[in-house]
Structure formats: C-alpha cells, structure tokens
Amino acid sequence: MTQPDDIDEVPLGPRPTPRRTSKLAIVGAGAVGSTMAYAALMRGAARTVALYDINKAK
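Using UniProt numbering, the letters of the sequence shown map in sequence onto residues 1 to 58.
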C-alpha cells in the first residue's frame, strides 16, 4: 500500500521538551491524579507538577 505524496512523515521518539517554565497543579493524588502528573511530565506539558490531596499521607 502506498501513501499519497502530500503526507508528511512524523518521526517517532521522544518529543522535544518545551523551553517555557510551565507549572501544573493536580488536585487528587490517587490513581488518576498520579497518572495525569506522570503523563504531563512524560509529554513535556509541564516542568513542575504539584499533587494536592486531602489525605496528606498520599
């Protein structure tokens, strides 16, 4: 199967880290909040992530 000529190939691999200093606060440090924080760091969406939870032990 061939691709049309007007389709650009997207290189695979890590995305470049943004140069801005973005911060992200997530309320809820359970399974979903922790996963969101991890995904944001891996994607380069934020350089600093703060997790807040009502249960301080988490």
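Don't read these hints as lab results, they were simulated from the structure. A couple of the hints might just be wrong.
No more than 20 Å apart at the CA atoms, straight line, and that leaves these computed lysine to any residue pairs for SDA-like [claimed, not checked]:
hint : residue 1 : residue 2
1    : K23       : A37
2    : K23       : A46
3    : K56       : A45
4    : K23       : V49
5    : K23       : L41
6    : K56       : M42
7    : K23       : A45
8    : K56       : T35
9    : K56       : G33
10   : K56       : R43
11   : K56       : A46
12   : K23       : M42
13   : K23       : L12
14   : K56       : A29
15   : K56       : S34
16   : K23       : Y38
17   : K56       : S22
18   : K56       : L12
19   : K23       : R47
20   : K56       : A31
21   : K23       : Y52
22   : K56       : P14
These are the hints, each one checked on the structure:
no. : hint       : in the structure
1   : K23 to A37 : holds, 11 Å
2   : K23 to A46 : holds, 5 Å
3   : K56 to A45 : violated, 25 Å
4   : K23 to V49 : holds, 6 Å
5   : K23 to L41 : holds, 10 Å
6   : K56 to M42 : violated, 25 Å
7   : K23 to A45 : holds, 9 Å
8   : K56 to T35 : holds, 18 Å
9   : K56 to G33 : holds, 14 Å
10  : K56 to R43 : violated, 27 Å
11  : K56 to A46 : violated, 23 Å
12  : K23 to M42 : holds, 14 Å
13  : K23 to L12 : violated, 26 Å
14  : K56 to A29 : holds, 9 Å
15  : K56 to S34 : holds, 14 Å
16  : K23 to Y38 : holds, 13 Å
17  : K56 to S22 : violated, 25 Å
18  : K56 to L12 : violated, 39 Å
19  : K23 to R47 : holds, 6 Å
20  : K56 to A31 : holds, 15 Å
21  : K23 to Y52 : holds, 14 Å
22  : K56 to P14 : violated, 33 Å
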